[in-house]
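A.B. asks: These are the residues of each chain, in order.
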Amino acid sequence: MDNTVVCRHLSKVYRQNTVAVEALTDINLEVPKKDFLCLSGPSGSGKSTLLNLIGGLDKPTSGEVEVDGIALASLDKGALARLRLERIGFVFQSYNLIPVLTARENVEFVMQLQGVAAQERTNKAMEILKEVGLSELANRRPGELSGGQQQRVAVARAIVSEPSLVLADEPTANLDSKTATALMELLVHMNTEHDVTFIFSTHDKLVMDFSRRLIKLHDGQIVEDVRRK
Amino acid sequence: MSPSAARLPLLLMLAWRNLWRHKRRTLVMLFALVLGIWSMIVMAALIRGSMEQQVEKEILNLTGHVQIHAPGYRDDPAVEHRFAVTPELASALHAKAVVAAGARVRVPAVISSERESAGVVLVGIDPQGERGLSFISQAVTDGAYLSAPDDPGLLLGRKLAERLETTLGRRVVLMSQDANNQIADRGFRVVGIFDADPQALETGYVFVGLDIARQMLTIGKDVSEVAVMTPDRKRLEEIVASLRAAAPGEDVAAWTEVEPMVVLMEKLHNVVLLIWFAVVFTAMAFGLVNTLLMAVFERTREFGLFQALGMPPRFILGQVLVESLILLGIALLFGNLTSWISVVSLKGGIDLSMFAEGLEMVGMSPVMYPALAAGDVTAANIIVVVLGVLASLYPAWRASRYVPVEAITRT
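In the order they appear, the protein sequences are chains A and B. FYI, in the numbering used here the residues of the first sequence are 47 to 275. FYI, in the numbering used here the residues of the second sequence are 70 to 480.
Keep in mind that a hint or two might mislead.
[As the list claims (entries may be wrong)] Just so you have them, the derived chain B footprint on chain A, three or more residues with Cβ under 8 angstroms:
no.	stretch
1	99 to 105
2	123 to 132
[Stated by the list, open to error] Quick list of simulated restraints, FRET-style, between CB atoms:
no.	chain 1	residue 1	chain 2	residue 2	range
3	B	N359	A	L121	27 to 37 angstroms
4	A	K224	B	R86	29 to 39 angstroms
5	A	E190	B	I419	45 to 55 angstroms
6	A	K224	B	L406	52 to 62 angstroms
7	B	E475	A	G193	16 to 26 angstroms
8	A	V67	B	F366	21 to 31 angstroms
9	A	K176	B	G356	40 to 50 angstroms
10	B	L337	A	L121	56 to 66 angstroms
11	B	L415	A	Q165	49 to 59 angstroms
12	A	D122	B	N359	29 to 39 angstroms
13	A	N169	B	L77	18 to 28 angstroms
14	B	R86	A	Q165	14 to 24 angstroms
It is worth saying that the hints were derived from the structure and are not from the lab. A virtual CB, placed ideally from N, CA and C, is assigned to each residue, including glycine.
Please model the entire structure based on the sequences and the hints provided.
C.D. replies: Right, here's the structure in full:
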């Protein structure tokens, strides 16, 4: 089976003055296409660090990451940006949206960078905003939206261009259980119908329940990798 | 649509909206930029206007645009350095490119009243030919201007009249050296008193009829100089060339050769303008860099997010540069507009007569007229745009160099 993500002997050490903090230690991971994977573990276990390395937002201290068969270490800054633009969608835990753009413009942002025509962009953005229940608020700026609404706009932006991989850090944070369930159902739909691979980092049991594979991290190491039916 | 073409409206929209995110800060910066551009252009107009005035004054003060002399006259303006106006030269002086031309006798002399005497330059003029050629036809404030080349009267400067303790209607004696190296003298009645700017003209020159001067100096139909005015100073070289061809044995010189100090002053003014531009722009550049750096630092996480979402670093650099360009563009629009309004409203001149004495010492007129030169406006605009973009490169470069994960997690 094709792998969307491959991590080989991945380690990340942060230096704080003279102290070295090992955030990840020798991670080996294969994420097949269409996987719906959840990273869990206590705070500081390395979940966000692993997502950042997979997304090419940070460089590993050692080891390598491949996304869709492309070794990230071989790419310069511009090529990495292009890879993220074309293949990866991100949902961050906080500060997800561009404050000067409306919800619709935020959703259109990635498509605009990709060169998608204006009308097609707008149609897709409005469609996905409808699916996350925010079509009425499309012309509001992030400052005029609640935390949960902002999070849904961020999810809409991450999936609207149907990337091969979506990396989501606490995607259901700030959402009530009903909205979170609806959102997860949408992501499952994207996963099954559009072959989008999802990797979540979460503490939320709801997200874990939806995922088909659960990886537990502890002190920067994978301590459990369970595939569920 | 190519990605680059699709990105351009996004880049412009982001730049525009970010600019107005902190309205007060942007407006303060805009005000500073407009003030700087205004001061650059208005100061340039004042300096250029003052310079033009000085040049025009110098040209009207008996210099003209072109002068023709016998060889050696400019080093030794004596009676022996004279020449005859040939038919070829006379014909050239009637060319379309010449708006006024006049022959003069111009030699050193001594003027005496019954009480005092003074060294002067005796200028024999054709009163009609001098109209439009020099200041004298407009300068007589008491009495009358000379009526013809054989008018026996004399025009005296007010200051010199005071020094000689003489006045209108009184007689004075002019003494000079004639063509035979003999002392030539002649009595004249003062028929007109003239005022001049600078006052040195009032004490340094006396004017008599051309034919009377020729008779006194026994030089026949010869002249000391021919002064020429042209409609357009830009055609000076062409006119000088045609006059040289018409008077091959004579010294034909443009005003720039006759008055090198004025040319030097013109160059000095240009340097002063450039220094002024540099000083004003440096002050503006600090403000611009500071504003953009603040805007970049407070948007660190946003730039990290842009990179995470796949915005290329050069696009981020472009976004900050476009912000700067929009700011500069608005500032240039209002800067140019306010400058133009200021210069138009000052068209009547700025009266600096309370500093008249000091200004005269440096050859300036007590009324300053601004002159907006297209070259100065263009230079100011180009300097602001080019150096403004250069000054913005550092903040833009900083914005494009963030490591995404560090930028996003920065608090």
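A.B. asks: Hint by hint, say whether it matches the structure.
C.D. replies: Here is what the structure says about each hint:
1. Taking a C-beta to C-beta cut-off of 8 angstroms, the stretch 99 to 105 of chain A contributes 3 residues in contact with chain B, enough for the three needed, and the coverage statement holds.
2. A count of 8 residues in the stretch 123 to 132 of chain A with a Cβ less than 8 angstroms from any Cβ of chain B is obtained; the coverage claim is therefore met, three being the minimum.
3. Range check, B/N359 to A/L121: Cβ separation about 35 angstroms, and the 27 to 37 angstroms hint holds.
4. As the Cβ distance of A/K224 to B/R86 is approximately 34 angstroms, the hint placing it in 29 to 39 angstroms holds.
5. The hint said 45 to 55 angstroms for the Cβ distance between A/E190 and B/I419, and at roughly 53 angstroms that hint holds.
6. In this structure, A/K224 and B/L406 meet the distance hint of 52 to 62 angstroms, their C-beta atoms being roughly 57 angstroms apart.
7. Hint check: B/E475 to A/G193, Cβ distance near 24 angstroms, so the stated range 16 to 26 angstroms holds.
8. Between A/V67 and B/F366 the C-beta distance comes to about 26 angstroms, which sits within the given range of 21 to 31 angstroms.
9. A hinted range of 40 to 50 angstroms for the beta carbons of A/K176 and B/G356 is consistent with their spacing of about 46 angstroms.
10. Checking the proposed 56 to 66 angstroms range against B/L337 and A/L121 shows it holds: the Cβ atoms sit about 58 angstroms from each other.
11. Checking the proposed 49 to 59 angstroms range against B/L415 and A/Q165 shows it holds: the Cβ atoms sit about 53 angstroms from each other.
12. Between A/D122 and B/N359 the beta carbons are some 31 angstroms apart, a value that agrees with the proposed interval 29 to 39 angstroms.
13. In this structure the supplied range 18 to 28 angstroms holds for A/N169 paired with B/L77, their Cβ-Cβ distance being about 21 angstroms.
14. A beta carbon spacing of about 22 angstroms between B/R86 and A/Q165 agrees with the range 14 to 24 angstroms that was offered as a hint.
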